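Below, each chain spelled out in residue letters.
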Amino acid sequence: MTALIETRDLFYRYPRRGVVLDKVDFSLYPGERVALTGANGAGKTTFLHLLVGLKKAKGGEIHAFGQLRKEEKDFVEVRAKAGFLFQDPDDQLFCPTVLEDVAFGPLNLGRSRTEAISIARDTLASLGMEGFEDRITHQLSGGEKRMITLAAVLAMDPDVLLLDEPSNALDRDARQRLLDTLQALPHAMIIISHDDDFLAQLSTRRVCLVDAQLIEETEATVAV
Amino acid sequence: MTALIETRDLFYRYPRRGVVLDKVDFSLYPGERVALTGANGAGKTTFLHLLVGLKKAKGGEIHAFGQLRKEEKDFVEVRAKAGFLFQDPDDQLFCPTVLEDVAFGPLNLGRSRTEAISIARDTLASLGMEGFEDRITHQLSGGEKRMITLAAVLAMDPDVLLLDEPSNALDRDARQRLLDTLQALPHAMIIISHDDDFLAQLSTRRVCLVDAQLIEETEATVAV
Amino acid sequence: MPQFLEHSGTSWKGQRLKHEQSLIDSLDPRLRVVAAFLFALVVVSSEQFLVLLIGLATSLLLARLAKLNFKRTLRRVIAMDMFMIFLIIMLPFTTPGEVLFSVAGLPASKEGLLHASKIALKANAVVLCLLSVVGTMSATTLGYSMARLRVPDKLVHLLLFTVRYLDVIGQEYKRMRRAMQARAFVLRTDRHTWRSIGYLIGMLLVHSLERSERIADAMKCRGYNGRFYLMDEMVLARQDYTFMVMGALFLAALTGLNFL
Amino acid sequence: MHIVDGALAGPVLAVGAALAAAGVAYGLKKMDYDHLPQVGVLSAAFFVASYIHLPIGFSSVHLILNGLIGLALGWAAFPALLVALILQAVFFGFGGFLVLGVNTFNIALPAVLMYYVCRHGITASSPRIAGIWGAIGGAGAVTLTTLMVAGSLALSGEAFWLAAKATLIAHIPVMVVEGFVTAAAVLLIRQVKPEFLNIPEEWQDA
Ligand SMILES: Nc1ncnc2c1ncn2[C@@H]1O[C@H](COP(=O)(O)OP(=O)(O)OP(=O)(O)O)[C@@H](O)[C@H]1O
Ligand SMILES: Nc1ncnc2c1ncn2[C@@H]1O[C@H](COP(=O)(O)OP(=O)(O)OP(=O)(O)O)[C@@H](O)[C@H]1O
Ligand SMILES: [Mg+2]
Ligand SMILES: [Mg+2]
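Residue numbers (the numbering used here), protein chains in the order written: chain A, 1 to 224; chain B, 1 to 224; chain C, 1 to 260; chain D, 1 to 206.
Chain A with its partners taken away, still in its complex shape (with noise of 0.2 angstroms):
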């Protein structure tokens, strides 16, 4: 089976931080939920970005979806495949209505008017979110937010999801709904949390950021 995602050697540093990132290997195969941890500013989020070619990394190789990916061109479809799950949902809805949000990645990668309602309509009823389409974006609340972030980042119907501390800020029920909602995605997943509980219920495998390298965490050092 090849790797959805791979990187090789990958490296990357701050001008003023650092090395944060020091010739990380790293592969996601598909079916697999890998829980991506690490101390506050160890570079996770950096990471994702990475990834998707929002930052260019210093150095390694990112290999996606079976090419190697290095030119801001060839990470447009790698962003088309893997959707990203910002941490904050402000960011990351900035449409007006929740329709047109829902919809805007799908127009975006060409589908017309009609096929975008149709799948922005279909993606919210498959997370129970419908009867939301005319809401205002802003007038939501954050676990509201959160499902439709999600929404919008499913339309794009892509084949891995990238999500960014998706927990934070949610209280007990919303966050049930949205582990609920995960746990039946068949989707590969790369999780960034400090929500170790909704780690251990999601995902199949840990991988720990520190001192700028990847460290597997087997189930022993788990435990500890």
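If you're looking for bench data, these hints aren't it; they were derived computationally from the structure. In this text, all values refer to a predicted model and were calculated from it rather than measured experimentally. Hints are not guaranteed to be accurate.
Said to hold, decoys possible - Partial selection, computed: residues in chain D whose CB lies under 7 angstroms from chain B:
| no. | residue |
| --- | --- |
| 1 | I172 |
| 2 | L188 |
| 3 | Q191 |
All residues carry an ideal CB built from backbone N, CA and C; glycine is no exception.
For this one, chain A is given, so just place chains B, C and D with the ligands on it according to the hints.
Chains B, C and D with the ligands alone, transformed into the frame defined by chain A:
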């Protein structure tokens, strides 16, 4: 011994949300460290805001530092004596450099510039943060920001500390550092947190906000 | 803006939330914008007292029809009047003409007084009409109708972006402002206050800029390629045509009255 | 600073609208689609900041901040301010409909002028000098706006001349406050996010 802060029949409701605090009686005595828990949206933050007059109670009385507090101008003095640590350090740090931010409180209390700066330096040193004076607040890590906001609050020489989820989004080391620092402080505190382990190591008493009521938790209930 | 609007401003969620549906809401939004514009045009260019009085009466009627919140509207209108009042008070004394009365030796002229009352009538009529006809739609709808009225695309999307993030940034501002207050900060007339407020604004801008960078990233991740899309349906219905005809006749009549 | 409907003469309204339209069109041309979020979010931030009232003696003033808007946005200040004024007029009843053009022009032109006058000064290596240029930008923009408001009134009839002069005098404290506040904001941004103020005209990414 008289209470530092005491509420009687405290009542608050939000226009759309309904009642969040219904006739709440509460006292904080010198030397106590009270843990305040409760579900998301229970009204914990609102309660602390009421204590220092950032929101106006819709009913009931607040006695603080020996006086009944009603008007905005009564609360100005309360705010000088009750140091409030906000949930998100980013909301609290607004000056360009650490030194200016820590000196902001003393300046508001009428200290001269040189006095304020020397207080700020001393406070930073007492928290083991010397050398941070000229750092840019915005570029600090989460844990560092938290310590600086604590310094900023302590620089006002408060009698009471009100901490709103101080260990939020901190990694293990930063959290331990904060815990050690808080344990060493002699101040009476109210600590909001969802982190049971953190509270267990810090608090001397626990109250829980459920259905707009403050419930005293005994050892027995905590154990459950 | 006047101070007491601050609250309604920062917790701004568009006008829709507390607003009851009314007759005016059943009209096409484009029509409402155009109607308000034409009304303003007719009223502002009229010089007859009768016309202006009818105009103000119409605005009051519209405010009733739109079920405007009485107290809130009154506060806003008074805020505007306070702003003009100084202009209006001065006019009678600076316009030459027939002396009506005098204050402290300064003669007030009839012409000046008339001029001043005309300005007051016009300004109030226009603002009331604007609040009831356009101000009762959600800001998003306003954006859509501007797009349909061929306002440049970029301007419309700029408006929609601004509206989208007003609340987010308003909350951020409020939290920072509260945190300052909690550190015993009191607004005074001194340099410490001004420096602190300058820092607050600067920090708010830095946060906003960084947020906009994250939004731009999020847009890229969703395949953004330089186009935005609007999805709204605006179709003129029967009541719109009725309103159009009646409105046109009414405005024509108002204009005509000027020449009587 | 918002003139209401009914006060100005027809020709003043028309010329104001035409000039504002030209400024907005040029601003929109300079701002490409990739910078929409940036201008939109900053415009929201300025809208929020304009609620801030500062006491002056027994009275209080609210900030206009058009100097800072100009320094941050350049020509995009025109569309950003038009949007803010539309929202204020429509939802808060502040200002008017037909005067939108005049009001936009009066507030946005000084913003853009200050952008050209001060953009080099605020990047000076000495914070003191940068602060002074920031203060010039803040106070200068408000001063120009006040002059233009007074001018719009004066052009609409001799009877307004006194009102125009009074407007000028009444705004002197506002100029002082805006100068201080803008200087502080500029100093903060220089330290915290220096790339912000170096935004060149063409909106190249820093
Ligand atoms: N634009 C930047 N310039 C310089 N340093 C940066 C920049 N962005 C991030 N950093 C630094 O790089 C490090 C990694 O940041 P990153 O956001 O990837 O961490 P993270 O693991 O996601 O942390 P968190 O758990 O807090 O989200 C941090 O120390 C951060 O301060
Ligand atoms: N300005 C407001 N208007 C209306 N409702 C509000 C407002 N601010 C807060 N609320 C609501 O009041 C309730 C209490 O909020 P509060 O922030 O005090 O909760 P909390 O206990 O601190 O929660 P958390 O653990 O999430 O911080 C929540 O349901 C919240 O949605
Ligand atoms: Mg992160
Ligand atoms: Mg809270």
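Consistency of the hints with the structure:
Because the smallest distance between the Cβ of D:I172 and any Cβ of chain B comes to about 27 angstroms, over 7 angstroms, the interface hint for this residue is violated. The restraint placing D:L188 at the interface with chain B holds, with a minimum CB-CB distance near 5 angstroms, inside the 7 angstroms limit. The interface hint given for D:Q191 holds, since its Cβ lies 4 angstroms from the closest Cβ of chain B, which is under the 7 angstroms cut-off.
Of the numbered hints stated above, the single one contradicted by the structure is hint 1.
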